[in-house]
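Peer 1: What follows is each chain in one-letter form.
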Amino acid sequence: MTETTQSIKQPGAATGGWYEFATRHRASIVAAIILVFPLVMPFTALAVNILIYGLYALGFNLVFGYLGLLSFGHAALFGTGAYLCGIAIVHFGWPWYAAIAVGVGGGLLMALLIGVLAIRTRGIYFAMVTMALSQCVYYLFYQAVDLTGGENGLRGINVRNIDLFGLRIDFINPIVRYYVIAAFVIAAFVVMSRILASPFGAVIEAVRENEKRARASGYDVTLTRLLTFVLSGGFCGLAGALQALHLSIVPIEILHYETSGLVVMIALLGGMGTFFGPMIGAAVFLVLENVVSVWTVHWQLIVGAIFIACVLFFPAGIWGTLVARGRR
Amino acid sequence: MTNKVTKAGSISRRRLLTTASAGAALAVSPFRINLLQAEEAPIKIGFPVPLTGPYGAEAQDQVRAGQLAVAQFNDAGGLNGRKAELVVRDDKLNPGEAATRTLELVEKEKVNFVVGSLSAAVQLAINNVTKERGVIFNSISQSDAINEAADFSKYTFHEALNPHMTSGAVGRYAFAKFGKKVAFLTADYAYGHEMVRGFLEVGKEFNVENLGDIRHPLGTTDFSTLLPRLQALKPDILCISNFGRDQQIALKQATDFGIKKSIQIIAPLLSHASRVAAGPQAFEGVVGGCSFYWGIEDKFASTKAFNDAFRKMYDGKLPTDYGALGYGGVRTVLEAVKGAGSVETDKVVAALEALKYDDYKGPQYYRKCDHQSVQSVLVIKSKSKDMRNESDVFEVLSTEEPNEKYLRTCEALGHKS
Amino acid sequence: MAGLSFDLIALQLFAGLALGAIYVLFAIGLSLIFGMLTVVNFAHGAFYMVGAYVGLYLISIGGNFWICLVAVPIAIGLFGLAVERVLIRPLYGRGIDYPLLLTFGLSYVMVECVRIAFGKTGYPFDTPEVLQGAVDIGVGYFPLYRLFVIGATAVVLLALWLFLEKTSFGLIIRAGARDPQIVRVLGVDVSKVWLIVFGIGTAIAGFAGLLAAPLQGVIPEMGGTILAEAFVVTVVGGMGSIGGAVLAGLLVGVVVSMTSLFAPEMAKVSIFALMAVVLIVRPQGFFGRAGLMS
Chain A
1 MTETTQSIKQ PGAATGGWYE FATRHRASIV AAIILVFPLV MPFTALAVNI
51 LIYGLYALGF NLVFGYLGLL SFGHAALFGT GAYLCGIAIV HFGWPWYAAI
101 AVGVGGGLLM ALLIGVLAIR TRGIYFAMVT MALSQCVYYL FYQAVDLTGG
151 ENGLRGINVR NIDLFGLRID FINPIVRYYV IAAFVIAAFV VMSRILASPF
201 GAVIEAVREN EKRARASGYD VTLTRLLTFV LSGGFCGLAG ALQALHLSIV
251 PIEILHYETS GLVVMIALLG GMGTFFGPMI GAAVFLVLEN VVSVWTVHWQ
301 LIVGAIFIAC VLFFPAGIWG TLVARGRR
Chain B
1 MTNKVTKAGS ISRRRLLTTA SAGAALAVSP FRINLLQAEE APIKIGFPVP
51 LTGPYGAEAQ DQVRAGQLAV AQFNDAGGLN GRKAELVVRD DKLNPGEAAT
101 RTLELVEKEK VNFVVGSLSA AVQLAINNVT KERGVIFNSI SQSDAINEAA
151 DFSKYTFHEA LNPHMTSGAV GRYAFAKFGK KVAFLTADYA YGHEMVRGFL
201 EVGKEFNVEN LGDIRHPLGT TDFSTLLPRL QALKPDILCI SNFGRDQQIA
251 LKQATDFGIK KSIQIIAPLL SHASRVAAGP QAFEGVVGGC SFYWGIEDKF
301 ASTKAFNDAF RKMYDGKLPT DYGALGYGGV RTVLEAVKGA GSVETDKVVA
351 ALEALKYDDY KGPQYYRKCD HQSVQSVLVI KSKSKDMRNE SDVFEVLSTE
401 EPNEKYLRTC EALGHKS
Chain C
1 MAGLSFDLIA LQLFAGLALG AIYVLFAIGL SLIFGMLTVV NFAHGAFYMV
51 GAYVGLYLIS IGGNFWICLV AVPIAIGLFG LAVERVLIRP LYGRGIDYPL
101 LLTFGLSYVM VECVRIAFGK TGYPFDTPEV LQGAVDIGVG YFPLYRLFVI
151 GATAVVLLAL WLFLEKTSFG LIIRAGARDP QIVRVLGVDV SKVWLIVFGI
201 GTAIAGFAGL LAAPLQGVIP EMGGTILAEA FVVTVVGGMG SIGGAVLAGL
251 LVGVVVSMTS LFAPEMAKVS IFALMAVVLI VRPQGFFGRA GLMS
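Chains as they are written, first to last, in my numbering: chain A, 1 to 328; chain B, 1 to 417; chain C, 1 to 294.
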């Protein structure tokens, strides 16, 4: 269909080409933007938060946008990654790279546990089950006070220096910390790009478009769903681990359903089922929140109103709408 | 895994280039000019408080009082002409947001000190960020954990009371007066447990009988399933250890169930804002503790001075307990700066440790091992008649004088002598 | 466990019923709206909260509690009608997620508007004088107001049942809940039906908020917690089933009440765990439509 549009509309060919270019080099474009990002943000910690929430939304988007399942329990994956990374450092004294690996592993494992229980339900029930299960995870971590600090949160995730190939890098320095975290996020985007471009990525979209046909074509739909959910957990777990290192604490609120709701908002705002959507959504949401908070204490009103406007008029999100306009 | 190694290798080269170019960009940017002007820049005090959320009113009061302290410092000439400035941020009562705001304050705003917080979890989060960067943090809300060795650092100071002190003072008053059979209704989180621990320790001295401790989850809106049980235990005293809305609802429903008819209710902490939000009926007859009440101006000149200055700056409004903490927290830091003659962290820490002050409620000082402010605790009761003005909602029953013996010992907190 | 007697257990049971009554009212609206419109109303808690605040406002300008019992549901119902017409109607046919997301954003807006209008700290809400105090119900003293809540809920349920069973409009609703396609085929203007159902559902939510106000005071956030718990009720009872909502609401109230007797910290977890179990083992709950999907 794209070819026909391109050949008919000669002036539009430029926009068509622009989009094709963007899709082909999407990981590199993201990397480039991320690298110059801190220079345009009000402060570095905000830029880091955008990266982390962008990654969280990227993981969520795999399930919501590409697979078509609305999950209201992704906070459990994000939070488990954060807590396990933090616990590895605080209680076991593991080095930072091992802790990050534990965080990713935690996200994968928790996604497997929740996925196995939830994957047989569909539609609204999937949203409800994931919400209920993630609430159970919340209470679990809350009660394990000795490991997690309970309501007071986990403190003491203090990584001063990173020793990399003989180089001692000062992690406390904000710019350095940004680029270290950016490295991980860029790597994750590259991995995601590869997954989506692979045959498996095509199967995911096939399942979303028409489940019956996908099954008829011989694909194991349930397994595909589960695998996608688990992969999503890996990305969200990484985001959580990076968050723990960045803030040096893990608050119990990270497992609350509001954090699940937050990523839903961000993904929708940016554009579900698009590659750049999650990062754009995270950037817009967090910058907006930061800016609006300075003017007024009623930022929730503005954010809620924008969200409603998005649902009503721009269901494809910011990036999705731009892409659609660009393609016309 | 192999991917990561190669990626890291190629990125480190890229990162070097970009960091170098970023560094070059920074060097020629206006930022550099700001660095040179640092000498004349104001003394900045970061002030993260929960302006949005259920404790917004308390936070606003903290901000008002903090700004009064800064204004008084500036009017008195500042530090050899160098003025102070309060940089207020909204932490939304969320520890993650508080950590982000503190990072902004320290890294971008380059504040010299941080004062603030209104919850245990938030202050612990702020503290973790500031202590890693060697910035002084003076916490102005309750927590037992911040005194403990694990969270403490030489940059950590605690102007507010902790649960141990408040429950101790209330316990000492109540157990002598109302009876020996005690039942507990406790919010199931660190703060609730800390309060009960404080009560039980005092209880040992008075030989109280612990009839039972019923825990409720945070955010409980219905105590109807717990109150009959507590009534059935037939205690002399019911000790309700929770905070904010939980406390307001618990007291209201306890009143509805007729508990007050035969049982004395005590609470470790009664705040002005809660009393106003819950109304006179719910708080009637309840005995509790607090750090400050404007009414003690009859007793202390410093309180009167504080009240008058606050009234003058804010159209006749009187400061509340949280406001007073905001004032004290900022004022002691500025006093130490003046005493040390500099904003250098180590010098100010030493000055704070040596400080003996009477800023708003009588004599106070910071204990050396955990930087806890040793201060008086007021035992109060709600008032609904004979009110001198709309702020006259409490009656001070007794005052526990400042004394280190009412604090947990340094050893118990894990500090090595 | 000192003093575990029959009296105490009976008292706990009553407390559980009173607790459950509010859940039931709240969940019925949710269930109705989902059954008919297939919309998960994430703003239901906000409607509940606004009901309480409208009651507070009416009393402050000179009304009394009894007038509020009638005025509040009408006011909230009208507001619900407006919301359905303006915000939710454009989303039909777009997929089950969109109305959910919209109501999610709407709840943020409604809560913040109330904060702006009434402040953040909340207000006490006095129990009407006639209903104050406790009565001896044989096994102990029980607050009179809570008995009133049980009674009021029963009255509303009766009225709803009469409406659904005995009126033709009620017949359409029941048919629509059973099979929406057929109803449309038979020539009924479904959009008008949905409008009314949304109005009724939110009106009942507002009524529940008013009833809850004397129990816990009012704050802007009061809708949030009960929403999460009410989802448990609607899921366990079956989305779209009134009878299920009633049964499950009372069940959840009693479960919370009884768990409080033995392990209060576990009360909240137990209901979410219950919800998870039901969803996995029997997703349609007690009486819901089987095979309900996107």
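Quick caveat, the hints were computed from the structure, so don't treat them as lab data.
Be a bit skeptical, because a hint or two may be false.
A few chain C residues that face chain A, going by a derived Cβ cut-off under 7 Å, partial list only [as the list claims (entries may be wrong)]:
id : residue
1  : VAL40
2  : GLY93
3  : ILE96
4  : ASP97
5  : TYR98
6  : LEU101
7  : TYR108
8  : VAL235
9  : PHE272
10 : ILE280
11 : VAL281
Where is the CB? At the ideal position from N, CA and C, for every residue including glycine.
Peer 1: All hints, please: hold or fail.
Peer 2: Quick rundown of the hints versus the structure:
no., hint, verdict
1, VAL40, "holds, 6 Å"
2, GLY93, "violated, 12 Å"
3, ILE96, "holds, 6 Å"
4, ASP97, "holds, 5 Å"
5, TYR98, "holds, 6 Å"
6, LEU101, "holds, 5 Å"
7, TYR108, "holds, 3 Å"
8, VAL235, "holds, 6 Å"
9, PHE272, "holds, 4 Å"
10, ILE280, "holds, 6 Å"
11, VAL281, "violated, 10 Å"
Hint compliance for this structure: hints 2 and 11 are not met, and every other hint is.
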